[in-house]
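Remember, my numbering sits 116 above the position in the sequence shown when you count from 1.
These are calculated hints, taken from the structure and not from any lab test.
Derived CB-CB ranges, DEER-like:
1) T182 <-> E203: 27 to 35 Å
2) K200 <-> K161: 54 to 62 Å
3) Q181 <-> L133: 16 to 24 Å
4) R179 <-> V138: 20 to 28 Å
Think about it this way: if two alpha-carbon atoms lie no more than 20 Å apart in a straight line, the pair counts; the simulated EDC-like pairs of lysine to aspartate or glutamate are:
5) K214 <-> E203
6) K175 <-> E164
7) K200 <-> E212
Virtual Cβ for every residue (Gly too), placed ideally from N, Cα, C.
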Amino acid sequence: MNEKRDGGFGWFLFGFLLGGIVGAVLALAYAPRSGEETRQQLREKGIELRERAQEAAGKLRERAQTLGEQARAQVAQLREQVEKGVETARDFVSREGKEAEETS
117 MNEKRDGGFG
127 WFLFGFLLGG
137 IVGAVLALAY
147 APRSGEETRQ
157 QLREKGIELR
167 ERAQEAAGKL
177 RERAQTLGEQ
187 ARAQVAQLRE
197 QVEKGVETAR
207 DFVSREGKEA
217 EETS
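Go ahead and model the full structure; you've got the sequences and the hints to work with.
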(Lines of atoms letter the chains of each structure in order from A; the text may use other names.)
(Lines give C-alpha, C1' and ligand atoms only; values in the text may rest on other atoms or scores of the structure.)
Protein backbone atom coordinates (compact mmCIF):
# COMPACT_ATOMS: atom_id res chain seq x y z
CA MET A 117 0.00 0.00 0.00
CA ASN A 118 2.91 2.34 0.71
CA GLU A 119 4.24 1.69 -2.78
CA LYS A 120 1.03 3.01 -4.31
CA ARG A 121 1.19 6.18 -2.24
CA ASP A 122 4.85 6.76 -3.06
CA GLY A 123 4.28 6.03 -6.75
CA GLY A 124 1.28 8.35 -6.69
CA PHE A 125 3.41 11.11 -5.21
CA GLY A 126 5.97 10.65 -7.99
CA TRP A 127 3.28 11.02 -10.63
CA PHE A 128 1.81 14.00 -8.79
CA LEU A 129 5.22 15.68 -8.71
CA PHE A 130 5.74 14.90 -12.41
CA GLY A 131 2.32 16.35 -13.29
CA PHE A 132 2.95 19.39 -11.13
CA LEU A 133 6.27 20.09 -12.84
CA LEU A 134 4.82 19.45 -16.29
CA GLY A 135 1.91 21.80 -15.54
CA GLY A 136 4.38 24.43 -14.37
CA ILE A 137 6.37 24.13 -17.56
CA VAL A 138 3.30 24.34 -19.79
CA GLY A 139 1.94 27.28 -17.81
CA ALA A 140 5.25 29.13 -17.97
CA VAL A 141 5.55 28.61 -21.72
CA LEU A 142 1.99 29.78 -22.34
CA ALA A 143 2.41 32.81 -20.10
CA LEU A 144 5.61 33.80 -21.81
CA ALA A 145 4.22 33.16 -25.26
CA TYR A 146 1.34 35.55 -24.70
CA ALA A 147 3.30 38.15 -22.74
CA PRO A 148 3.73 41.58 -24.38
CA ARG A 149 7.51 41.38 -24.85
CA SER A 150 9.84 41.34 -27.79
CA GLY A 151 10.84 38.01 -29.28
CA GLU A 152 14.41 38.23 -27.97
CA GLU A 153 13.24 39.07 -24.43
CA THR A 154 10.75 36.23 -24.52
CA ARG A 155 13.35 33.73 -25.77
CA GLN A 156 15.81 34.85 -23.07
CA GLN A 157 13.15 34.48 -20.40
CA LEU A 158 12.22 31.04 -21.76
CA ARG A 159 15.87 29.97 -21.56
CA GLU A 160 16.14 31.20 -17.98
CA LYS A 161 12.90 29.51 -16.94
CA GLY A 162 13.98 26.33 -18.70
CA ILE A 163 17.23 26.29 -16.76
CA GLU A 164 15.38 26.98 -13.50
CA LEU A 165 12.82 24.25 -14.16
CA ARG A 166 15.54 21.78 -15.13
CA GLU A 167 17.33 22.47 -11.84
CA ARG A 168 14.09 21.99 -9.91
CA ALA A 169 13.39 18.74 -11.75
CA GLN A 170 16.90 17.48 -10.99
CA GLU A 171 16.45 18.38 -7.34
CA ALA A 172 13.08 16.60 -7.21
CA ALA A 173 14.57 13.56 -8.94
CA GLY A 174 17.38 13.50 -6.38
CA LYS A 175 14.89 13.61 -3.52
CA LEU A 176 12.85 10.81 -5.10
CA ARG A 177 16.02 8.77 -5.59
CA GLU A 178 16.94 9.24 -1.92
CA ARG A 179 13.41 8.29 -0.84
CA ALA A 180 13.50 5.18 -3.03
CA GLN A 181 16.85 4.20 -1.54
CA THR A 182 15.52 4.68 1.99
CA LEU A 183 12.43 2.60 1.20
CA GLY A 184 14.62 -0.10 -0.33
CA GLU A 185 16.77 -0.25 2.78
CA GLN A 186 13.68 -0.44 4.99
CA ALA A 187 12.25 -3.22 2.83
CA ARG A 188 15.50 -5.20 3.03
CA ALA A 189 15.52 -4.84 6.83
CA GLN A 190 11.90 -6.00 7.07
CA VAL A 191 12.60 -8.97 4.79
CA ALA A 192 15.59 -9.96 6.94
CA GLN A 193 13.45 -9.68 10.08
CA LEU A 194 10.65 -11.72 8.51
CA ARG A 195 13.14 -14.36 7.33
CA GLU A 196 14.47 -14.66 10.87
CA GLN A 197 10.96 -15.07 12.27
CA VAL A 198 10.13 -17.74 9.67
CA GLU A 199 13.34 -19.62 10.42
CA LYS A 200 12.50 -19.56 14.15
CA GLY A 201 8.99 -20.80 13.35
CA VAL A 202 10.33 -23.63 11.22
CA GLU A 203 12.80 -24.58 13.94
CA THR A 204 10.01 -24.59 16.54
CA ALA A 205 7.83 -26.73 14.28
CA ARG A 206 10.67 -29.21 13.71
CA ASP A 207 11.30 -29.47 17.44
CA PHE A 208 7.60 -30.05 18.05
CA VAL A 209 7.36 -32.75 15.37
CA SER A 210 10.52 -34.39 16.68
CA ARG A 211 9.19 -34.45 20.26
CA GLU A 212 5.82 -35.80 19.14
CA GLY A 213 7.54 -38.53 17.12
CA LYS A 214 9.70 -39.56 20.10
CA GLU A 215 6.66 -39.62 22.38
CA ALA A 216 4.76 -41.74 19.89
CA GLU A 217 7.65 -44.23 19.72
CA GLU A 218 7.90 -44.39 23.50
CA THR A 219 4.17 -45.10 23.92
CA SER A 220 4.16 -47.82 21.26
